[in-house]
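For chain A, the structure is supplied; the task is to place chain B on it using the hints.
There are 2 protein chains.
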Amino acid sequence: MKICVLGAAMTDFGENWKLGLREMAVAAILEAVAVSKLELEELDAIVVSNMSGSSLAGQDHLGSLIAAELGVNIPAFRIEGACASGSLAIHTAANMLLAGNYKNILVVGAEKMTDASADNVTKALSRAADEEWESFYGVTFPSLYAMIAREYMRSFKVKRSDLALVSVKNHSNAVLNPHAHFKKEITVADVLAAAMVADPLGLLDCSPITDGAAALILSSQQKGKAELVASSVATDTIALHDRKELTTLNAAVLAARKAYQQAGITVKQINIAEVHDCFSIAELIAYEDLGFAGKGKAAAMLKSGEFNRDGRLPVNTSGGLKACGHPVGATGIKQAAEIYWQLCGRAGKRQLKSGLQYGLTHNVGGSGGTAVINIFKNV
Amino acid sequence: MKICVLGAAMTDFGENWKLGLREMAVAAILEAVAVSKLELEELDAIVVSNMSGSSLAGQDHLGSLIAAELGVNIPAFRIEGACASGSLAIHTAANMLLAGNYKNILVVGAEKMTDASADNVTKALSRAADEEWESFYGVTFPSLYAMIAREYMRSFKVKRSDLALVSVKNHSNAVLNPHAHFKKEITVADVLAAAMVADPLGLLDCSPITDGAAALILSSQQKGKAELVASSVATDTIALHDRKELTTLNAAVLAARKAYQQAGITVKQINIAEVHDCFSIAELIAYEDLGFAGKGKAAAMLKSGEFNRDGRLPVNTSGGLKACGHPVGATGIKQAAEIYWQLCGRAGKRQLKSGLQYGLTHNVGGSGGTAVINIFKNV
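Going down the list, the protein sequences come from chains A and B.
So the first sequence is numbered by the numbering used here: it starts at 5 and just counts up by one.
So the second sequence is numbered by the numbering used here: it starts at 5 and just counts up by one.
If you are wondering where the hints come from, they were derived from the structure by calculation, not from laboratory data.
Treat the hints loosely; a few may be bogus.
No copy is singled out in the list; a pair is fine if it fits within one copy or between any two copies.
Claimed, not checked - 20 Å max Cα-Cα, derived DMTMM-like pairs, lysine to aspartate or glutamate:
1) K161 / E136
2) K227 / E46
3) K299 / E155
4) K262 / E45
5) K227 / D48
6) K161 / E46
7) K299 / E249
8) K6 / E46
9) K22 / E136
10) K248 / E73
11) K6 / E231
12) K262 / E46
13) K262 / D48
14) K301 / E249
15) K22 / E35
16) K229 / E43
17) K357 / D123
18) K301 / D16
Since this is a predicted model, take the numbers as computed values, not measurements.
Isolated chain A (complex conformation) (with noise of 0.2 Å):
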């Protein structure tokens, strides 16, 4: 059986002061189930992916929250799986689907982060790591990442100059997309000259905390332009410091060479990808966890300009988690709508070339605790 992408739409990400969590969600729904040209009486499941509705929104219990919103009475829930919570909903419904019982399958992420406080959002999103182990002696999520950036920069002789080109790549793309946070341009020094998070991160070497919600269409029975070819889960230590090594992210590896094993595939064949970028050292690490570069050649590649738009791989063509933003929940689900859009011609201003053929997903749960990868395929 096939799994086909019908629809996908999101918000905007950003600020969205005027909309909560439940007005976000049922926005990119309701145009993701218009693009797909079905009715919403033809779904017959929903899959919510969030990850901090409860502790700053107030709010848990979303499948039926939504359900009751559209008006149906369908099954619902939520998946969570920190920051990979998005991708991990897509392959849960991917499953719900080659089951049989269900047909046509809703997939929304969502996450309201900006009418918190920032010291409650970082709390929030600290509890992805090891609450007895990490959280509980202060560690933040940039902490974890500057660890990771510095042995990875200890070990390949990499420059926070070399960090930086992530961001600025990513701000370039996001230019072109309307939905982006930052639809703004950057340079090598604005990221150096930013003020420091967690040496050696800057301000600009981090994702931001953005509002935002993203909407799927999966389907079984009907024909869509672009098709799930593999999804593939893989886990690994919640805690940083139980890990072998600091600038691989194993579970993405394994996760990885799976979702290729699936697709019947090799990495060469991959046209396309959207990275976890949480940190610029995160889609350094992606492009080796991924097979795209070799061990420790990640930033001469990116130099190279193999990932840029006009390059071989174009990677985050979204502007990715770090200038389109990252609505923790939303995430996964932007990055295959973005994939989805540029399989099949529908991705505006920053639509590539045509005849890509495969375009992958990497989202990352904490520091690597959670990997998911899946791998779309024009058809």
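Structure of chain B alone, referenced to chain A:
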């Protein structure tokens, strides 16, 4: 393809001062794996059920946490649908097995509730209601179910002493369950004399705040002594004030109808059930929603002894949420474990007579926004 239960386990439910969320989950898992006679390496996914880990234990990302604790890198993620999370996790695991990508799945539910202040727990639980239209205005779950109880009592001329019989029965059952939170008989007079929580519901009409974990191993490959023959989910408005009727949970009616159909049986064939008695009134309504009793007849049937251990259809032999306890994320899985143990003759002192063929679990989220019915068959 058949889905079999290979093993089940639960920790003691109660005030587990010496155990955290992680320790309880792992204890239940290791016992379930041992009784299933599988090796940890034979598991190929973990579905975690939890509602309030984020707010009460400061811990999200439980999939990775638990995989790490077991030393495995397999897919793992969390499912949440308020108090129905446990049965939703079973539903999801069943679909993953039917999809054919997984063979043996560990389902584990855990909740750590007694380390937080009562005020915090009440607030955390209220996140299962509609934050903007219910909880924000001070509504709590006892008050929501009190409104249901008032309307039910008015409609069907039922008294507080009729509701009390639910708690009396379930406490009596829990005396035989070594894992139960309250192994203590109570009388109708005790229930009526208890402190009022939300009129007409007193303290002994309400399920307690409980710590605990439960685990289940499901397989599409190996044979077990019980099969999952139906798993169905339905939703309804999250807000109670949006319902057409207060004396029935439409989500439960819809899910039950679908479940009987899936299993190819009628309600008369059910030999044992675990139902969601978060409040005494909820069990009476469950009898009617499931078709065990006609509309308005639940109290009379309960009084007749129909649902007692020695009745025609024993309900909540574990002690139910009321007396076995209600560690939210663990509840649906504990219900399934109890049915499994009863069906295959492993229920110890509380074992019913042999010849049980079908057992049902009824698990509700919020005030009825989600309902999940799972049916197991002795094989």
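Each hint, compared with the structure:
no.	hint	in the structure
1	K161 / E136	neither (33 Å within a copy, 52 Å between copies)
2	K227 / E46	within (14 Å within a copy, 36 Å between copies)
3	K299 / E155	within (13 Å within a copy, 67 Å between copies)
4	K262 / E45	between (35 Å within a copy, 17 Å between copies)
5	K227 / D48	within (17 Å within a copy, 31 Å between copies)
6	K161 / E46	neither (55 Å within a copy, 41 Å between copies)
7	K299 / E249	within (13 Å within a copy, 62 Å between copies)
8	K6 / E46	within (18 Å within a copy, 28 Å between copies)
9	K22 / E136	between (36 Å within a copy, 14 Å between copies)
10	K248 / E73	between (46 Å within a copy, 15 Å between copies)
11	K6 / E231	within (7 Å within a copy, 28 Å between copies)
12	K262 / E46	between (32 Å within a copy, 17 Å between copies)
13	K262 / D48	between (29 Å within a copy, 13 Å between copies)
14	K301 / E249	within (17 Å within a copy, 64 Å between copies)
15	K22 / E35	within (18 Å within a copy, 50 Å between copies)
16	K229 / E43	within (19 Å within a copy, 42 Å between copies)
17	K357 / D123	neither (43 Å within a copy, 57 Å between copies)
18	K301 / D16	neither (35 Å within a copy, 52 Å between copies)
Checked against the numbered hints above, the structure breaks hints 1, 6, 17, 18 and satisfies the rest.
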